[in-house]
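Chemist: The primary structure of each chain is shown beneath.
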Amino acid sequence: MQRWPVLLFLAWACFLFFSGIGLFTSGFLLMRIELTNRSSCSDPLAAPAWAGQGVTSRACWMPQRVPKAVLLIIDALTFEFARFDPAKARPRPYENKLGFLHQLAGSQPRHARLYRFRADPPTTTMQRIKGITTGSLPTFIDVGSNFASYAIEEDNLLGQLVENGRRVVFMGDDTWDGLFPQKFFRSYFFPSFNVKDLHTVDDGILQHLYTTVDGGEWDLLIAHFLGVDHCGHKHGPDHPEMAKKLTQMNEMLRSLVDHLANDTLLVVAGDHGMTETGDHGGDSEKEVNAALFVYSKTPLFGAHLPEEPETIPQVNLVPTLALLLGVPIPYSNIGEVMAELFSGDGGTALAAFSQLSAYRINAGQVDRFLHSYSLAAQDLPAERLRYLRELFSAALEEHDRLLAQVREGLPASPEQEARLGRLVVRFQHYLREARAVCMESWARFHPLRMVAGCALIAASCLLCCVASELAAALDFSYRSRLLYPLLWGLAVAAVLGLAHLLTREGLDLILVVSWSAATSQLAFFWHSWGRRPRRAHLAGVQPPVANVGLWQRLRAWQGLVLPMGILFIRCCAMFSDSFVVAEARVAPFLLASLAVLLVGKLHWHGRLTAPEAPKQSPGAAFYQKESWQLLCLLAVLLACLRLSGLFHQCREEIPHCQPSPFLAPLSSLQSAQAKNLFYLLCVASLAGLVYAVRCWLQHYGNLNSASPLVLFVRWAFPLLAVWIACYWAVTSGAEDTLGKLQELVQVALVGFPQAVYGLASLGLLLVLWTPVTVFVKDSRESVGPIVTPYQGAPSSQADLQHVIPQIYRRMQESLKTQLDRGHRRATVAAYGLGSVYSAALVIVLTLLGLLLLTLHSERMSLAFLLLFLEGFVLLQIHAWVVSLAGDAEPFVVPWYAVTAWVFAATQFFYSTGHQPIFPAIHWHAAFVGFQEGHSTHLLPAVLVGANTFASHILFAVGCPLLLLWPFVCEVPNSQRRKLKKELREELQEKEEQPIMEMRLRESPERFSAALLQLGLKYLFVLGVQLLACVLAAMVLRRHLMVWKVFAPKFLFEALGFMVSSICLLLGIFLVMRVDCAVSAWFEQLQPR
Amino acid sequence: MKDTEIKRLLSANVVSVLSIILTTTVPPLFLENFSVLGTHLIWLCICSICVTTVNIILYIILKPNPSSKRISFAHKVTRFLKCCVFFFISCILFHGIIVLYGAPLIESVLETFLFAVLLSTFTTLHCLCMLGPNIQAWIRVFSKNGAMSIWDNSLQITTMCSIVGAWFGAFPIPLDWDRPWQIWPISCSLGATFGYVAGLIIAPLWIYWNRKQLTYKSR
Ligand SMILES: [Zn+2]
Ligand SMILES: [Zn+2]
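Each protein sequence line maps, in turn, to chains A and B. Counting from 1, one number per residue, gives the positions in the first sequence under our numbering. Counting from 1, one number per residue, gives the positions in the second sequence under our numbering.
FYI, nobody ran anything at the bench for these hints, they're computed from the structure. Everything numeric in this text was worked out from a predicted model, so none of it was measured. Watch out, some of these pointers could steer you wrong.
Quick list of simulated restraints, FRET-style, between CB atoms [to be verified]: (1) A:472 to B:180: 34 to 42 Å; (2) A:559 to B:160: 58 to 66 Å; (3) A:432 to B:180: 38 to 46 Å; (4) A:655 to B:45: 26 to 34 Å; (5) A:657 to B:45: 26 to 34 Å; (6) B:45 to A:307: 23 to 31 Å; (7) B:182 to A:440: 32 to 40 Å.
No residue lacks a Cβ here, since even glycine has one placed at the ideal position from N, Cα and C.
Produce the complete structure using the sequences and hints provided.
Modeler: What follows is the structure in structure tokens.
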């Protein structure tokens, strides 16, 4: 058996796909070049002075208007939270709780104002902090780095303040520490990572807030409260906890205002909003709609009072605060000043002049930024830039003219006021246009890379398809199909690397990898093509043979129509945003159709009917008993598919969607009775899962030996289940009711999951160490050597391979004689040898299942039970179909089985409560067993990834079962036959012993080829879906829904592909490890 | 003989097609506000009833599978009752399968059930007319070499076309076009109807084109 070549070939195929994904991603995901330029006071951007302008001490670009400011960020403060509607009779928990803001705005309209604060997506906290401090737009790819906060390199508000000698004091969310290291005069950081913790950050801030404010050692005080956001994540906005939290914020604001000095500006802002489920990250209306509240004890605003709160883009805060505080606007800002705050106490004309100078500085800064940016990167369209330039210079000239008139002392006439107003509008227009240009062009793609990435993925699919066809023939030469391509690829990589070294250019790793992947692919195709003509030539000598071959090939392709047709429909569905949105229902629909059509096809070909119909009823056909069983299995499968829909998560595009109640943790249930009931149900499903696996192993005799692995299965599985149940019990209990036990609970919350992780990892290691679960009963005393044709020990591996089946047969025989006839002849009996491969896989799958189930919320255990049931039913149907179809080649896993398996993986991605959108990621998985948070970023990423791709992992690791299961299910068939014909053909029956999976060992070459073929087919089906996704993202990149639907779908599909392919390799590796171990086991048996 | 049979089949199918066309054109004359999309449930009922009656009448007139034995009246009655039971069971079964395929379980039960009735009319009723309440015969007919007459072939084709039509009818439902016919189960029932009509038209043509290859085993 060739083990390493098979694994290497599969790994190479995966690498080809990965390089394609990498290349496409580098061309598709948005990029923006970060300029390192910084603004400074000496820049010639200061507005020309004008009459009536008071001179203040600190003048930098513009005179300082506000000496001190307090910036309160209440995380996830949606506009709905801040709004106060006295008319509302029965406010919801989150409504009308910030009454103080309303009171201020109502009683002092010139001092306080509430705005809608429009966040740019992605609405994750870190991106928003970046936006609020740099005034620039984040790019799409930053979303993923939420775990890792990196220091902000671009010019930003804090940097400007520090450079100009101001003291910035911070308290709250420790994300800021990572973003602005060493920038704060004084800081109080509190851990932000644990989203379940509502109070640590807020209480910590409240402890220091008032004393710091009173102490006065600050110029800008930033406080970032996290409680509201965490409460949203934990309970959702519509929860009494939220009311408590918002009331607390209200009280905090009330007492803070008491402590504020007269000249201090107070800014209360939400960094983003939240959805109805309390999540955020996307660009839905509820997520981007935050609140902004501005207040000062000295009048800020003009007399004009707007009816409805204005909408302010989030980046606008940066230039506003910078100019108010008298520091330069950060270099890369593209926001627009909030002009109202610059109006001052004077008349309208005076206010307009003041506003105009702010606008002028702002526009000058944006113009300078655009100029430098267009020099650094050519992605801003030159035409639009020219247009913007014209707008800017026209506005500038007009402003100069106006200022000159003012200097000449012209009285402010109504005509002049109108001109002032028009000029303000012109500046506004320029700034908004500039922002629009930036937003558009930062959605910039590299079409060439995208096309090349698509081509690479498509070629990899083709390679998988061709190689899987070739692998069926046993003359698959790894030398020409693996070694040479790999060498070619390495050579190209080496040459490119050298070239880069010589030219001393920056090494673009993705390009090198892609070139080498493409070359190795070409080499593969070239070597495969080189072999073809000879065959065709040979066939040409004998035309009839060729014809038959063609006909047979066509007939073989007939079997492909069904799975490939369904796969094609699924791929087409990727191109429609509605279908991507509805995929949770599309995948089970297609899987059901595939299964039904499969059984229908069997029926159509008469495989389900008994071969000999009773004579008395002509024109009638009867089903065999197995056929009814098959139909029952089909019904169970359909039921599984339908039931799995109970666990779906919602996405905002689906109207009137209610997320599955099972997704919420048990602790969120109000009624104790329901909680207990569900808890029992979850524990029952857990126990059922473990019990079913044990039963299966018991049935195939894999639970008898005393090997460590079997002992582990016997004792550790129930123990794992008990620990998980205990963990659920602890988490689902209400947090405050326990009182003194609190500390114990904290220990249990960490201890139980970590114990589960530890024990499960131990089990996985055990499987790798001793995967053989065969029980040998050796009671030989007076029997001769087992192997008759051989004398002595085998001399070579080939001998051994010939011998092994013989040993097995002999064992079976002796076992049978012992059992059947009751003779007490001494024998060697091996139990569980026939299912030794599957047993190891099943054990691993169960362990993984238990692990992954721990990462989900309690009631998802039902979904996992369903997953295992559906997997079992699919395998069982597959085995029945193979045995009923009769003519199938046993070592070839048909396409329909692979396709169904992949569809089931997709289906359970949705049925474990996931959706391919960022807000739907279950972040809480990172805290299972790590209540205190993490010191590294790798572990939480792994935990969240495992949670998200749980079904991908399970189905990919279980993929080799598709090959093994028909062999395992051989037994009942033969037994049945035996019962029927026992008397007639006893002799023949001995020949037909069910040797199950040992049939695979009989022909190791075909076994390894079958594994290779299975792996390639699985990669092909996954790869075709990925290709469809990639093409959809590329073709529809200007689609309205691209950032909402297609890009996240692409990212999830690509990640899912990576996880699946790696797990597939692991699964196949496991089978090979078992094969090694079985060989060793036989060798050990031999000398005796 | 074969040609006359094909002609009989063709005329029977044309009558069926006409009856379906009539169900959309005639009721507006009697009922106010009637439209296939607007008052879909009524149309479902009318269509089911109409197709049922037309099929039974055609069966009585044409007698495609004449039985050699003479059957007593009591036997006929039990046979009829059996047929009714079968039809009802098939409605329930179709309902179950549709729900398993993803139709809502509790909301719009009536719509789903009427759709199941429509599907049963297009498929089960035909079988009952042709083959009687005899599961074994059904199993035989719906296999590759099971057709024993052109009527069986026609049955195969119309049944499959109806079901495939219903299946394809589910495809437009998730699209966000906001059309009235995307509401459950309109697109599916329309798909089934179009499939049925297509099957009725295709069947005689297909049999005509393949009349050389079609050889039937004798009973
Ligand atoms: Zn936030
Ligand atoms: Zn959050």
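Chemist: Take the hints in turn and mark each one as holding or not.
Modeler: We went through each hint and held it up to the structure:
1. Remark: the range hint 34 to 42 Å for residue 472 of chain A to residue 180 of chain B is contradicted by a beta-carbon distance near 51 Å.
2. A hinted range of 58 to 66 Å is violated for the C-beta pair residue 559 of chain A and residue 160 of chain B, which are about 19 Å apart.
3. The hinted range of 38 to 46 Å is satisfied by residue 432 of chain A and residue 180 of chain B, whose Cβ atoms lie roughly 40 Å apart.
4. Here the CB-CB span from residue 655 of chain A to residue 45 of chain B is close to 29 Å, well matched to the stated 26 to 34 Å.
5. The supplied range of 26 to 34 Å is met by residue 657 of chain A and residue 45 of chain B, whose beta-carbon atoms lie about 31 Å from each other.
6. The beta-carbon spacing between residue 45 of chain B and residue 307 of chain A, approximately 54 Å, falls outside the hinted interval of 23 to 31 Å.
7. The hint said 32 to 40 Å for the Cβ distance between residue 182 of chain B and residue 440 of chain A, and at roughly 34 Å that hint holds.
In summary, the structure is inconsistent with hints 1, 2 and 6 from the numbered list given earlier, while agreeing with the others.
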